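Number of protein chains: 6
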Amino acid sequence: MTQANAPATPRSTLVITAHAGDFVWRAGGAVALAAARGERVTIACLTFGERGESAKAWREGRELAEIKEIRRDEAERAAATLGAEVRFFDAGDYPLTATAELTDQLVAVYRETQPDVVLTHPTEDPYNGDHPAANRMALQARILAQAIGYPGDGDIIGAPPVFYFEPHQPEMSGFRPEVLLDITEVWDTKRKAMECLGAQQHLWDYYTDLAVRRGVQLKRNAGPNLGLAHRTMAEAYMRPFPQIAKELA
Amino acid sequence: MTQANAPATPRSTLVITAHAGDFVWRAGGAVALAAARGERVTIACLTFGERGESAKAWREGRELAEIKEIRRDEAERAAATLGAEVRFFDAGDYPLTATAELTDQLVAVYRETQPDVVLTHPTEDPYNGDHPAANRMALQARILAQAIGYPGDGDIIGAPPVFYFEPHQPEMSGFRPEVLLDITEVWDTKRKAMECLGAQQHLWDYYTDLAVRRGVQLKRNAGPNLGLAHRTMAEAYMRPFPQIAKELA
Amino acid sequence: MTQANAPATPRSTLVITAHAGDFVWRAGGAVALAAARGERVTIACLTFGERGESAKAWREGRELAEIKEIRRDEAERAAATLGAEVRFFDAGDYPLTATAELTDQLVAVYRETQPDVVLTHPTEDPYNGDHPAANRMALQARILAQAIGYPGDGDIIGAPPVFYFEPHQPEMSGFRPEVLLDITEVWDTKRKAMECLGAQQHLWDYYTDLAVRRGVQLKRNAGPNLGLAHRTMAEAYMRPFPQIAKELA
Amino acid sequence: MTQANAPATPRSTLVITAHAGDFVWRAGGAVALAAARGERVTIACLTFGERGESAKAWREGRELAEIKEIRRDEAERAAATLGAEVRFFDAGDYPLTATAELTDQLVAVYRETQPDVVLTHPTEDPYNGDHPAANRMALQARILAQAIGYPGDGDIIGAPPVFYFEPHQPEMSGFRPEVLLDITEVWDTKRKAMECLGAQQHLWDYYTDLAVRRGVQLKRNAGPNLGLAHRTMAEAYMRPFPQIAKELA
Amino acid sequence: MTQANAPATPRSTLVITAHAGDFVWRAGGAVALAAARGERVTIACLTFGERGESAKAWREGRELAEIKEIRRDEAERAAATLGAEVRFFDAGDYPLTATAELTDQLVAVYRETQPDVVLTHPTEDPYNGDHPAANRMALQARILAQAIGYPGDGDIIGAPPVFYFEPHQPEMSGFRPEVLLDITEVWDTKRKAMECLGAQQHLWDYYTDLAVRRGVQLKRNAGPNLGLAHRTMAEAYMRPFPQIAKELA
Amino acid sequence: MTQANAPATPRSTLVITAHAGDFVWRAGGAVALAAARGERVTIACLTFGERGESAKAWREGRELAEIKEIRRDEAERAAATLGAEVRFFDAGDYPLTATAELTDQLVAVYRETQPDVVLTHPTEDPYNGDHPAANRMALQARILAQAIGYPGDGDIIGAPPVFYFEPHQPEMSGFRPEVLLDITEVWDTKRKAMECLGAQQHLWDYYTDLAVRRGVQLKRNAGPNLGLAHRTMAEAYMRPFPQIAKELA
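Chains as they are written, first to last, in full-length UniProt numbering: chain A, 1 to 249; chain B, 1 to 249; chain C, 1 to 249; chain D, 1 to 249; chain E, 1 to 249; chain F, 1 to 249.
Quick caveat, the hints were computed from the structure, so don't treat them as lab data. Please read all numbers here as calculations on a predicted model, not as lab measurements. Do not rely on the hints blindly, as some may be mistaken.
A pair holds if it fits inside one copy or across any two, identical chains being indistinguishable in the list.
Quick list of in silico lysine-lysine cross-link-like pairs, BS3-like style, CA-CA up to 30 Å [to be verified]: (1) 192 <-> 56; (2) 246 <-> 219; (3) 219 <-> 56; (4) 219 <-> 192.
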């Protein structure tokens, strides 16, 4: 049977993040867009963010195990809202430490999910060392998963494009918007997913405002005749590897 | 009559270059691809490259006017081969000097051609100051052409994306391939256009080799299942402004 | 009479901007803070922003002279609200062209106002070439005004520190917040000054949101025990020259 | 009892360095200034510099333990001269290796000393890998110490500003003076502290010359009317995080 | 016996690479030139490239041990062709992990070979993490080998200049040609050495084309009257440390 | 007559500077070394530094013409001391303005002197805009002088290497020492030339200290067995173009 006749495999997106909430704030729109197109989205959460991103729960006097459960529950509901599957690696945060074992687990995920697109943190974040650690493992595992000589189950992968989502303090992290993604049509879904994260309620409006601002920039940078909505919402990304194109646009 | 019912205006590409040969070596593939899709391509050559890029003719003892005619003729044949229109501004090269008048002429071209895409030189070139001068005028005119308050004929333009084509010594000019354009299907056309430039025959093979190398990199950076040809030819570009996207890919 | 006994000269701030509205959106808080301390603030507007920043008026069919008057009136009311004096140079915008004459006029302003602090645009702005042009003249005039050999009235100046205020698209303009200025106590004044700029009403909320976000970052970067207000408003600046300090803090 | 009525806690400075001598050459002025203001200064020396910075002692045939004692004694006398407390971690130099244990010890120091200011090495040094290793642990521990979820004794800390002191070859280490600290009034104390370091006598004059040169630059960058001494001595620092300000100056 | 009367020790070059083939593609010309001058060249191959650079062998179904033998044999023949000695550390590739033990082994090689020149990979390579890992160990070992306090056999070394050879995708790895080495006279030797690497036959022409292109750039950057051959072949290098010179040329 | 039999033309160095004193402070050692080897050195001083670098004379109440004469006289005596010829273009400083006419005069100097080496200011200097202006003209004229199509007397030139000498505040001007030139053997000559510049006596010791410090760095970066003097004096340079080499060293 030739490839043309094969039942189509839906496109696959792999999101690799340090903490349970990252995929919602930073890439919820991209995840919802892919899911809305019927594509598969797999989120690899290396930790629950149990120590570094759960200050409210610690102040309330909760225990470590309980906090992990809260974060897991929130993230699962947010992922379901967006239409994605989330997997937890429970590698321990603050600090998240890069290890050969964890990287190897990511190689297995790459080979299993065969991603067409990869999303992860950018290389720098002076306010949170877990984010660069996740970036390094995500990039290294992507390369190892391409090598037929690297052991493990599953087929080797190609060279899927990588996108870095926006950190909390972009100018301090060397982040420059290289792609502005129009998420207007899935904005309500992203907002609902954010509202699953009860522990960080102060961020709901913060990331709504960010989407408005990136939307203004999208319109400012868009070519003519795009028929953009009055209120365009957007997410910003960087591309560490060259874009492959059939047409300049 | 609504926009949906209007007779479609073909997409428009504007290429702004310093010298007569630049659009062939550096962007001939992109030009041929657009033309092959039935789009309009307009090439604005600010000079003929009569002083700085015509050493052979000077060594043969030719006069300035004659050299300009040779370069004009070569460029017109190359443009016709690619399927584009070329216009000369005869602004004088070596050095090409940025002036308000020349910039204003470019504003008029922007407003007339209403480009969906703009191609020009990158910002740096330590081996040829005319290239950055062309870049500066191309970018400034694009901004002025957007302003309703800037006088002149024609409608204002939107914010068409800009692509910088590859300079002769990329690593010395801060050039990093951000877009790799697959030009395999129009490669023969680009080669024929290069062969119109008899004065620079030594560059035919040089730029063929470059297309091969950029093609190797394209394949190295491409995702899986793209069905790329065995010998992929490519051109490299930079994007000074963010890409606007409906999907990450 | 020794310096200690001299009647105190109030501190002086000089703001050099390209267009009539820039000092409000980008530095209104710093201006209001200085004025509230009883200091002198002089704003040098090189143009009215009559071509590039007045799209609404052009769309309403107004004439150039009329538009200049509108912008002048708005800017004067905004400056008065902030407690500053504004001067117009009417040098023509879009493009603002750096000239020796205009630079010389700025030297005269430096020598007359003897600034303790200088505020101006940063060096890059891919969306508006007038801003970098204003930056270049502001910096050059500051150096010339220091030289006893440069002709003109008034005493030479020292080396006042320079601050670059935030451009509209900071990440695209190489802008990194190096100073976060707490403007909470003058926020209402800045908002009132913004509301003087009727032609750009869509920016009122945009720059309010920006002040909130920079305030969040201020709190995130502040040391302990600062007693910050719940809702801190801030403006971001860069420092092109080293800070001179008696204490690290 | 409200904070306003509490007996004032003196300001606290924490200096984290790789080797025993670093705090003297690079930050002795800042340390002496803080001590002269009655503040607490704690110096965390991760190693004695016993292998990499003690060539003279090795050439004299001394043993490792003896060399450590020499360096400890020198550093303690220098710290006492400056008015600071020094603590040794004896983590082993050349190479100093970043470990979770050592980082955790630094978290404890942060929480105990509750620093208002942190001084450490910059991120790069192609001539000595121990310096960047100390930088990485100093920055990571500062973030961990802020998290209520990170275990350990003591209260969490705020976000104290960080200053990088000057490396031995600043231009090769990406060092740009962002703060010039006037240390004229404590210069004699710094010189006396340097003279405690008998093993590196050749550096006494080297770092005196550096202080003169940084002083010349301070005067060159200072605003008018500062009443600077004829011979101003200075130290240079970088600021990796934004300055928080109530006033631009 | 004074140094002047000592039998001359030939100059020594040390090449530190991640994989078995690197020294051929990237530095074969420099190696052959040194050998042709009668100098000693030692190549330290940290791994055989058995997992990451041997896709063909894996596809043929070979075993790990067998693949290592193939790569070892190829590299030994290539080294012999160039006139150099190659040593294998068998540290395991994909990923090559920096360890204190491996770095210590490199210190021993430095002290044994007393290199006058060191060649290694540059600091970045987004396509292959083993190359930066080799770079880090090569640089760290060079510093440790200079310290009399670092234990081990052999004399300490001086500060030999370091050259980074060209990565496979130079623009994506921050590589800028800072030295263009004329390898025309040993080109045939380099080509023969490349042809020893049967597993990567597709690279023979790729690296021949690269040598032509670097040769064109060499001629473009050469001063007058150098009497260069019509077809100059070259290799490009970076210098991370300053050049020491008796004359500007 | 073949080139081999022709009477040897001595090597030629061209130094292009903004002000009368620059070649002494910044490149006096390189000039003296070349002259000591019997080479020709031509110094093109675009201005006398009459407004920006002659504060003492202005404070003494001297007239413009008189100040120019003082500076000319000083520079001529310094050049004679170093063994070089100096030419003045009297283009006016503070600001030095780049013009087509002045650039054309420099083209003529290039073609007349046929330099083997070119020395000039680096591209940035936030403290003195004349230095970057001189840099731009020096680089542009070098390119124009290579073009057979650019009119004017004399033969076209090759592509002589360019070296940027050190600015007054290197870290603030993006200056990184890429070449450290050993000037120990001509140090006394450079000191004597500096002492010809009576108007800037405060700089004699400043630049002596700089030479000591660059000498320390030279020794720190030198390979083994160079037999360096105890007190090595050095000047630092940058190379904007790749070095052409026959050997890595």
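To see whether the hints hold, each was checked on the structure:
1. Taking identical chains as interchangeable, the C-alpha atoms of residue 192 and residue 56 lie at most 30 Å apart only when both belong to the same chain, with a minimum of 21 Å there against 37 Å between chains.
2. Within a single copy, residue 246 and residue 219 get their C-alpha atoms as close as 24 Å, and across copies as close as 13 Å, so both meet the 30 Å cut-off.
3. Proximity of residue 219 to residue 56 under the C-alpha cut-off of 30 Å is restricted to the inter-copy arrangement: shortest distance 17 Å between copies versus 37 Å within a copy.
4. Both within a single protomer and between protomers do residue 219 and residue 192 lie at most 30 Å apart by alpha-carbon distance, with minima of 24 Å and 27 Å respectively.
Taken one by one, the earlier hints all hold for this structure without exception.
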